[in-house]
Amino acid sequence: MPDAIAPETITLFINDRPLTVAAGTSVAAAIAIGGNPVTRLSVTGMPRAPLCGMGICQECRVTIDGQPHQLACQTPCAPQMQVWTAPYKEIT
Amino acid sequence: MNCRPDALVIGAGIVGAACAAELAACGLTVTIVERHVVGGGATAAGMGHLVVMDDNPAELALTRYSLELWREFVAGRKQQNEYSPCGTLWIAADAEEMAAAAAKQATLATHGIGCELLDAAALYRLEPHLRPGLAGGLRVAGDAIVYPPKSAALLLAQAQQRGAQLLSDDVLAIDAQGVTLASGGRIDAGLVLVANGVACAQLLPELPIQPKKGHVVVTERYPDFIRHQLVELGYIKSAHAGSGDSVAFNLQPRPTGQLLIGSSRQFDRSDTTLDLPMVSRMLAHAAQFVPQLAQLKAIRCWSGVRAASPDGLPLLGPHPGLQPNRTNVWLAVGHEGLGITTALASARLLAAQITAQAAAIDILPYLPARFPAIIDTAPAHA
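Top to bottom, those sequences are chains U and D.
According to the working numbering, the residues represented by the first sequence are 1 to 92, in order.
According to the working numbering, the residues represented by the second sequence are 1001 to 1382, in order.
Hints should not be assumed to be uniformly reliable.
Label pairs and their calculated CB-CB ranges [to be verified]:
no. : chain 1 : residue 1 : chain 2 : residue 2 : range
1   : U       : G45       : D       : A1103     : 45 to 55 Å
2   : D       : A1120     : U       : P7        : 39 to 49 Å
3   : D       : D1094     : U       : R17       : 45 to 55 Å
4   : U       : V43       : D       : A1122     : 32 to 42 Å
5   : U       : G24       : D       : D1245     : 43 to 53 Å
6   : D       : A1298     : U       : V43       : 16 to 26 Å
Derived by calculation from the structure, the hints in this document are not laboratory data.
Owing to the predicted nature of the structure, the values given are computational and were not obtained by experimental measurement.
Ideal Cβ positions, reconstructed from N, Cα and C, are used throughout, including at glycine.
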């Protein structure tokens, strides 16, 4: 029986720009689909993007719904989710 | 290698390194023996808080003097020590603690230590992440923080620049002429200075030094989450308990933006294995003061062992024992939670006594001879 409640696509916001992805897409994948895979900056300001994709390397840290240091590769996209990558928002 | 150094220092933690640097500056030949990593013991496990403490006049005199020395030491080397003059904010939860804050303010002010009493409004202006309902606090702006392993390494380098030599070995025993080493050798020395923290009880079983285990958690980077080192005034009740496990709120902002969360005290545990129920209790207690802590990400936790003395003051001076293997033994141990703060003053007081110079403050309250039991119970031979 098809699930009438689960959406097939999800719309979320990456750096305030809307993006529609397939349900089940990770935030890291959505960021890459959005065109600029950079998730954070190193302590010396160099761009970083996910390396391991399995929650270990910590390079995919982004701010999700106001919470900093969330692992994008371990977080599934949710409707209306607000994602900020480091070049766009100071981590506070 | 110095074939018969004037001084053999046991332990290259912050106290041993500071003593080595000071003795070398006085012109003594110094050999320092470290069995593990320089600054790797209790030195690396604590928070590196440079804090004036006034639980008793002797503690106030020692911490105040030492903080002056720290300001001189870090001048021109702030980054190398990861020094941050964030100050301490003592938190008063209720009217009783507010009265304690006022008393503390009066004591510190009498001794020329700048501090300001804060009512609740002022407290929340400075630290908005504190939970509502607190009474106020006391801000001591002159307190600061360092990263102690770096400071210990700098002190050791200073000692070495003045001719001191570092030996990677373990001291098995102290005898009338010097020490025997785990590697099988021995070193004769003019004097032996024991500065190895809780391990001193292995070499000198008569010393009244008790282990007090603590834990610390470090978080991800949250710059400007808090601005001062936050300590609850109730901390003092916990720190002087004679037995049992206790936690107290202690939160530090590091220059990296990370937070150090403490603190815990457990008696008679000298291992550094993590006690997770204790860590959990410590974090729950901290979250009572800063509720948002529960949402932050911790990246690591560890434990360390403080060396506590019966009266909360370190042992700084000659071993009073009369046996041949105790004469020419000097002690710089028992600093408990103030090892970083008082390391530099400890070194000055030891060096003054060893070189028969006047010390900058009264040495009497810290002399090991104040514990008469250790004079007679030292074993006759190693």
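Violated hints, by number in ascending order, as checked against the structure: Those not satisfied: there are none.
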